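Trainee: Read top to bottom, the protein sequences are chains A and B. Heads up: the first sequence is residues 13 to 323, going by the working numbering. Heads up: the second sequence is residues 26 to 208, going by the working numbering.
Cross-link-like lysine-lysine pairs, in silico, DSS-like; alpha carbons within 27 Å at most: (1) 208(B) with 81(B); (2) 126(B) with 182(B); (3) 237(A) with 208(B); (4) 182(B) with 311(A); (5) 182(B) with 313(A); (6) 182(B) with 237(A); (7) 237(A) with 90(B); (8) 208(B) with 90(B).
These stretches of chain A come out as covered by chain B in the derived footprint (C-beta under 8 Å, 3 or more residues): (9) 199 to 211; (10) 232 to 244.
Chain B stretches covered by chain A per the calculated footprint, using a threshold of three residues with CB under 8 Å from any CB of chain A: (11) 47 to 55; (12) 64 to 72; (13) 80 to 86; (14) 95 to 101; (15) 140 to 154; (16) 163 to 177.
Calculated directly from the structure, the hints in this document are not laboratory data. Here the structure is a predicted model, which is why all the values come from computation and not from measurement. Just so it is clear, CB atoms sit at the ideal spot from N, CA and C, and this is done for glycine as well.
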Amino acid sequence: MSVIPVIWPDGNLMDRIVAAIFTRVGRITGRSGEAPISIAHEDFLAADTRPAPRVNIVLSRRDAFVQQFNGRSASAGDLRKIVANEANRLSPVLNQDMVLLARGAEDAPGQVDLVHVRTADMEAIETKARDLGLASISVSPDDAPHLVFASPSALSQTHRERRLWTFALLAMVAGMTLALAGLGHGLSAAAGLAEAREAVLRADLLERREAEREIGALGALAALKPENRTSAARLEMLARLNRETPQAAWWTSIEISGSDIRLTGLTDNAASILTALTAAFPDQSVRFDETVSDTPDGKQKFVILVTERNT
Amino acid sequence: MIGMLRPLLRRLEGWVVLAGFALAIYLLIAPRVSDVHDEWTRFRGAESLALSHAEKLARPVPPDKFAGYRTFVVPVGPDANPTVLASTVQSALIELVRARKARLVDLRETGAIGSINSLSAITWHLEIEGDVEAALDVIRALEDLPQPVLIDELDLKPAGRAGEPDRNMRLTMSLTLWTGDIK
Numbered sequence: 013m014s015v016i017p018v019i020w021p022d023g024n025l026m027d028r029i030v031a032a033i034f035t036r037v038g039r040i041t042g043r044s045g046e047a048p049i050s051i052a053h054e055d056f057l058a059a060d061t062r063p064a065p066r067v068n069i070v071l072s073r074r075d076a077f078v079q080q081f082n083g084r085s086a087s088a089g090d091l092r093k094i095v096a097n098e099a100n101r102l103s104p105v106l107n108q109d110m111v112l113l114a115r116g117a118e119d120a121p122g123q124v125d126l127v128h129v130r131t132a133d134m135e136a137i138e139t140k141a142r143d144l145g146l147a148s149i150s151v152s153p154d155d156a157p158h159l160v161f162a163s164p165s166a167l168s169q170t171h172r173e174r175r176l177w178t179f180a181l182l183a184m185v186a187g188m189t190l191a192l193a194g195l196g197h198g199l200s201a202a203a204g205l206a207e208a209r210e211a212v213l214r215a216d217l218l219e220r221r222e223a224e225r226e227i228g229a230l231g232a233l234a235a236l237k238p239e240n241r242t243s244a245a246r247l248e249m250l251a252r253l254n255r256e257t258p259q260a261a262w263w264t265s266i267e268i269s270g271s272d273i274r275l276t277g278l279t280d281n282a283a284s285i286l287t288a289l290t291a292a293f294p295d296q297s298v299r300f301d302e303t304v305s306d307t308p309d310g311k312q313k314f315v316i317l318v319t320e321r322n323t
Numbered sequence: 026m027i028g029m030l031r032p033l034l035r036r037l038e039g040w041v042v043l044a045g046f047a048l049a050i051y052l053l054i055a056p057r058v059s060d061v062h063d064e065w066t067r068f069r070g071a072e073s074l075a076l077s078h079a080e081k082l083a084r085p086v087p088p089d090k091f092a093g094y095r096t097f098v099v100p101v102g103p104d105a106n107p108t109v110l111a112s113t114v115q116s117a118l119i120e121l122v123r124a125r126k127a128r129l130v131d132l133r134e135t136g137a138i139g140s141i142n143s144l145s146a147i148t149w150h151l152e153i154e155g156d157v158e159a160a161l162d163v164i165r166a167l168e169d170l171p172q173p174v175l176i177d178e179l180d181l182k183p184a185g186r187a188g189e190p191d192r193n194m195r196l197t198m199s200l201t202l203w204t205g206d207i208k
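Extracted from the complex, chain B is given alone in its bound form (with noise of 0.2 Å):
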């Protein structure tokens, strides 16, 4: 049998070596070859965009000329509840209003700015009544929050129906507080 094979294994021999040298370069530089590639790829790809990022870094700084702004803005985190400061807000303005001589006749949350870029506002409608003293007695109370709030809108005018003007005033407020993920 093995003699019958060996006129065969001679003619075959020298194409067994070089499919053993085919099989060699398959398993050993194909693998190599593509692991190069991969490397190579890698490489450009981590320098091209180092140097994309470098060319915007050089780019030069904006000034930062509305830090005085953040002042007005209440940092919150990306992943922040806006309801749990929105209730806390709206927790010191009932006591506010409480405190002093004017009754509440409205507070409600409303959504009307909404947001500018990255920076969100919460607005609420506030509406009472009291003398002129109590009315603006709630505007200057709204300083001691510790969150800044803004009036938008205000508006001030005697109670009761047109033709029957009471003595109390009605002071009817729009309410915002800008919060934003800022440093």
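With the rest of the complex left out, here is chain A (with noise of 0.2 Å):
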């Protein structure tokens, strides 16, 4: 069997290369079912353009010769054993003029149709099909018409398209594969990276916070005066308070709270004691806590209160 080099069709290529989409287009959305046009073999050789997007040529009985066998199946690999026995079966002579089409029968399981035809024929037919721009034809023998046969080139044509979309599919499949992988990679030194700032800053902003929860801790602390409550303070105060309240008076009791000094005592003249204190302490309120009362020996027993100044 002779081997029919497909090229690509010369002519004009645009015109090609857009009939070739649309007949892929049309493969996609189901628009491809159009049954092709049948054309004998010489008016198909006469044509100048092309009759149809598919075409299939009718081969007179001088042109063909169809053989039916009972195979155990219509395989692609019976129908390449049967297409080689009957090449062997024939003389060598015609073997080299001859080329042999094989198809499965559709309506009988196992039958194998096969057709002779001349090389020379089948050259000059697919020659004409890629000058008018057919990429697919078919032959059928006159008194067989229903049954079709793929030509050479369509049938080569049809396997290097399904090994080229299956190189594609795998090379689209390992091309992202590899893509996301890379993508991923990328994305996980990226996110490292991110996570490293995101930490040195997390510790940054734990240390403001530490440093704000302490300056709130210590106004909290403030507002308590601590520097007031200390011994040193306290011992400052009762010296100060001894100091201003006049000679003639005594304490009996003083007690202090947070800021406030309740002092109790007696006196001559209660009302001395709070002039003099109010005079000692002029940030702070000075008031009598209870009613100034007369003891038997003749003095006031007082109870002054000092607060802070409620501002």
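Got two chains here, each in a separate frame; can you build the complex from them with the hints?
Mentor: Take a look at the structure:
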């Protein structure tokens, strides 16, 4: 069987590219189901323009000889074996000049249809098909027009397209795998950097919050005025009260609670005590906390409260 | 047997190829898509957190105008045991009173104040009897303690019952020690 090389159709390249695109789009969208038009062998060779996107060449009985076999199956391997057996059965001279096309019968499982076509005729048909921009053609004998055989170039083209599609899909899968792996790796590195940066900022933020928490706590402590509650400050306050209290008075008790001072004592004139302490503590409120009472021995008992002045 | 399977395989060839591609996509691409999604989520999370931290750090630092008040706080760690410190101070208070001419009437730890923000207070009730000088000595000696013990309340009055005053004085104090995890 001769090998017919499949080459890109010459002629108007753009027309053919557009036609090929429309053909593939038609296949995808299901519009490729148009039946091929049948045209006689001689008419096809004489045609100047492409008769239709899909063409079936009808060969006369003189150009084609049909055989039918019963095989185990119509698989591609069986078809190849049957074609090889039939080719070997023919004389070597005829074998060189003949192309054998085989196909599995659609209506009878295991039955194989075989057609013999002259090599020169097949080459002429396929050359003409390329000239007309037909990527796929089929042939059928006129005495059995329902037997449609794809031309060798069409079969080759179909197989090549399948392989190309397979390789394209494999390449897509491999490319996507590699691209995704690279993207994942890059994102992992970027995420690592971002996490490291976030960790540094988080440490800074924790330190800042710790400092703010300390400032807040110390501020709350400062509101209690702890500097006035040390033993030195308390002694200083006691000394100051003692200094500012007139000599004619003496304390019977003193209570200090926070910043409040409650002074209890006896004197000849309680009002003078209040006056003296008010003058000594101008920033604080000084007042009698209880009613001044006279004692049997002629003294006055006083209870004076010294508090922070409410601003 | 193989011959019987061949037609079936021929008919299923396209589906087998498609299933192979689907399997390849599932085994090769799906894990990587998931990985990319996970890494992207991780990256976005870290970036948004970093942005949030940066925004918070961009705010001005409050002035540390209460730095001087650190002297009133005993720094202790968050896992420190306050009872050890309380026992130490309590022992020091007993020794302090014994060293002066005063009689210890009552010393106990109370939980009167509690805490302010992150600062905790240990409080004691201290009651002694003695003459005025001894009472003032005890007050003065509190400053010698290594810990900054504050006098929240102070009550100084004659000892004895009402109508039968004693020459001695009774000094009652509420003492506080502030602790906290500060630097």
